[in-house]
Amino acid sequence: GIQVEQSPPDLILQEGANSTLRCNFSDSVNNLQWFHQNPWGQLINLFYIPSGTKQNGRLSATTVATERYSLLYISSSQTTDSGVYFCAVERIGAGGFKTIFGAGTRLFVKA
Amino acid sequence: DTEVTQTPKHLVMGMTNKKSLKCEQHMGHRAMYWYKQKAKKPPELMFVYSYEKLSINESVPSRFSPECPNSSLLNLHLHALQPEDSALYLCASSQGQTRLNYGYTFGSGTRLTVV
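Residue numbers (the working numbering), protein chains in the order written: chain D, 1 to 111; chain Y, 1001 to 1115.
The shape of chain D in the complex, shown without the other chains (with noise of 0.2 Å):
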């Protein structure tokens, strides 16, 4: 089945300081999704992005298809960026969907 890995696994930041988060998929898929959990929990959708480029405020995101990759750069860290930054990529076959999420990058900004 399809692998799709995350680096790095952990992340320090201080405050401030920008990042960038990568997501390699080892086959073509028909979407891709970045979510942010923070430490309660709640997992908030970042960017819908199968290809091109998105940005929302301080983050955004690229997903190279062709290339197997999709990157997340976060700018100006805030110690609210803080948790576990996950992508998941979904692949339309003849089973029908399947959503594999990547193993996260956990994130921490000090203060």
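You may find that some hints are simply not true.
Unchecked claim - Each computed DSS-like pair below joins lysine-lysine, with the alpha-carbon atoms no more than 30 Å apart:
no.: 1; chain 1: Y; residue 1: K1038; chain 2: Y; residue 2: K1022
no.: 2; chain 1: D; residue 1: K98; chain 2: Y; residue 2: K1019
no.: 3; chain 1: Y; residue 1: K1036; chain 2: Y; residue 2: K1019
no.: 4; chain 1: D; residue 1: K110; chain 2: Y; residue 2: K1038
Claimed, not checked - Among the chain D residues that face chain Y by a calculated CB cut under 7 Å, a handful are:
no.: 5; residue: Y48
no.: 6; residue: F86
no.: 7; residue: F101
no.: 8; residue: A103
no.: 9; residue: G104
Calculated directly from the structure, the hints in this document are not laboratory data. Even glycine gets a Cβ: it sits at the ideal position worked out from N, Cα and C.
Given chain D's structure and the hints, the job is docking chain Y onto it.
Relative to the frame of chain D, chain Y by itself:
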């Protein structure tokens, strides 16, 4: 506040108990999902309902029984659980049958402890 509401937020149950988790959304989404998430792991899909019909069961043990009474409600009935079933149970919804097509909306989860 999330637009997908899950109750209860916390649940402690014994291995012989019967309990239910509830999920509600009023966004007109026609697909609803149950996910299980263990500590420091990604969410794992359990069940998918599309237009109130069960379309995906990811080989979940029968001690977990889903129910979709209508397009806004999703329940997960629990019976004879094991301590290893302790986890965060997340409900999600999306438009249509392509789950990531317009993005998931997740509830805040029920943190379940089986003693």
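Each hint, compared with the structure:
no.	hint	verdict
1	Y:K1038 - Y:K1022	holds (19 Å)
2	D:K98 - Y:K1019	holds (29 Å)
3	Y:K1036 - Y:K1019	holds (16 Å)
4	D:K110 - Y:K1038	holds (26 Å)
5	Y48	holds (4 Å)
6	F86	holds (6 Å)
7	F101	holds (4 Å)
8	A103	holds (6 Å)
9	G104	holds (6 Å)
In this structure, none of the earlier numbered hints is contradicted; all agree with it.
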